[in-house]
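Participant: Sequence lines, in order, name chains A and B. Numbered according to our numbering, the first sequence terminates at residue 867, and the numbering increases by one at each position without gaps. Numbered according to our numbering, the second sequence terminates at residue 867, and the numbering increases by one at each position without gaps.
Read the hints as simulated data drawn from the structure, not as lab findings. Do not rely on the hints blindly, as some may be mistaken.
Identical chains share a label here; the pair holds if one copy fits it or two copies do between them.
[What the hints assert, rightly or not] Once the Cα atoms are required to be at most 25 Å apart in a straight line, the calculated PhoX-like pairs of lysine-lysine come out as:
1) K708 x K826
2) K679 x K652
3) K826 x K783
4) K679 x K702
5) K783 x K609
6) K598 x K657
7) K583 x K650
8) K598 x K652
9) K679 x K598
10) K598 x K650
There are 2 protein chains.
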Amino acid sequence: MYYLGVDIGGMSIKCGIVDENGVIIGEKRTIVTPTTGGDDCVKGIADLCRDTVKANGLTMDDVTAIGLGVPGTVDGEVATFVSNLGWEDYPVCQKLKELVAKPVYAGNDANCAALAEWKFGAGKGYDNVVMVTLGTGVGTGFIVEGKLLLGNKGSGSEGGHMIIKAGGKKCNCGLCGCWERYAATTALLEAVEAEIANCPQGAIAQIAKDNGGFDGKTLFYALDKGDKRAQEILQNYLEDISLGLINISNIFRPQIMVIGGGISKQERVVKPLEHLINDCAYGNGRNPYIIVRPATFGNDAGIIGASLLALI
Amino acid sequence: MYYLGVDIGGMSIKCGIVDENGVIIGEKRTIVTPTTGGDDCVKGIADLCRDTVKANGLTMDDVTAIGLGVPGTVDGEVATFVSNLGWEDYPVCQKLKELVAKPVYAGNDANCAALAEWKFGAGKGYDNVVMVTLGTGVGTGFIVEGKLLLGNKGSGSEGGHMIIKAGGKKCNCGLCGCWERYAATTALLEAVEAEIANCPQGAIAQIAKDNGGFDGKTLFYALDKGDKRAQEILQNYLEDISLGLINISNIFRPQIMVIGGGISKQERVVKPLEHLINDCAYGNGRNPYIIVRPATFGNDAGIIGASLLALI
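One chain only, chain A, in its complex shape (with noise of 0.2 Å):
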């Protein structure tokens, strides 16, 4: 039997054919309308559902369940609040049920990311995992002795949104100071566009240059050719990260902590963060060493996440 995991985004919705063991056999993708409403986005959902599995040679005979990633706040079977796709207490698995006759499960997106990376992924054979997705915001999903952190009618895991510099930038979430705004990739990029304007004759300016402008790889590329500001702008970043994930040691203890976004990829961003995490959260050495490693399945762990609400 499989599972089909639709990841919601703000501008596309893909359908992976999923496994028992968390391998997509075949997936699918619609572009969203979000200002049609939330009913017609569920009957994009069910086509885009019937069209994979038919693309793949099955019938949805063949589907035991559905699992749908929500890019928001979701309690139970409702979507409480999604911004990007204007839903308010949405009773979209109801809604995808009545259309295809199977069970359908919901989940906010980054709690399925890290569902995907605890069950199939970087976080495989752990009980106590950490995910934390670097991105334009900071996503963050916790599982706990084997089972994922909710909160209060799903509204927990904000880690992004932790007070680590009171006073400190503006944040949408109209506080100061939040941890995303540092952690975020946005933010590293913000260095490095400040960078440029300061230093238009530096290494990092030159590069941007040769190259028409300047985007995520820009700091490596200086890195490369071992730049000292590019080090220094690293490592300013790194401290930032690190200063969410010491106080997510602090209280969560995970064994590990698996690190997701692009920027994950980078060996130069993990390997110092398990050591800054590891020299400073509490107890001087002395409690269980915890592990950074960057995410398994990246832009699949929506997917694969959503099947799991199906699967668990």
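Here the structure of chain A is known, so what remains is to put chain B in place on it, guided by the hints.
Facilitator: Just chain B now, with coordinates in the frame of chain A:
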């Protein structure tokens, strides 16, 4: 049947006889002489258990099991690190079991307090409860879906060492800017002391002078007189406490936060904290309300919580 809850402090050990409703029906205490080592301490605990039972007209046959609240890290049956008692990887449960021939359980004392408040105190009836004790440090205990969060080898739950002001005040743990340095009652006393030094003619200094010195009540006497500076000092302190509580809210989104420590008896502390947290925690007011209440048990939480290690 009864349970014995043993609260092992740095100065004294208290033993209470607790019934299955969490009611202490009798207690005794003894003085700790930590230098004598673990075995002598455990012998003292065994004697204390027998004395307590006898003094209340019972025998050890009336006792089902014994729970120990330990002021350090506990991994299952072993106290892995208790700095005040000089214990390292000390098999405290096994040692006591040999002397009393009863099942013995052990847990960290802050976690015991959380258990007590959750099962029989301010957090009764809720599944997601956070206990924060404001004392000379800041202790935390987290009940997640009706289960105590322990972390790998019992070494989690050190929320007092969340960094909230990176680069801020130096903490005993070796880092700077830990929540404990701002939210412990010690921090409030530091602020009062600084105020007395800076404004020797002010109301706070006058009250301290009249009382032959300052203590935890000095600020509240000044507040009773409507002193503006006292209001500012309290407001700063509450905002600092709220920083950590907001972080905990965003991660756990508990139904209720229970505030322990002597200062939690002050309505002027607990009520404003409830407002600050619900105004500032993630979700712009859409997420479920977080109740904040003072702890029910005070000093008895240790005994009741320790007995719960045996009871649940």
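Participant: Determine for every hint whether it applies to the structure shown.
Facilitator: Against the structure, the hints come out as follows:
no. : hint        : verdict
1   : K708 x K826 : between (36 Å within a copy, 23 Å between copies)
2   : K679 x K652 : neither (31 Å within a copy, 37 Å between copies)
3   : K826 x K783 : within (19 Å within a copy, 51 Å between copies)
4   : K679 x K702 : both (13 Å within a copy, 23 Å between copies)
5   : K783 x K609 : neither (55 Å within a copy, 73 Å between copies)
6   : K598 x K657 : within (14 Å within a copy, 62 Å between copies)
7   : K583 x K650 : within (21 Å within a copy, 61 Å between copies)
8   : K598 x K652 : within (11 Å within a copy, 63 Å between copies)
9   : K679 x K598 : neither (35 Å within a copy, 43 Å between copies)
10  : K598 x K650 : within (9 Å within a copy, 64 Å between copies)
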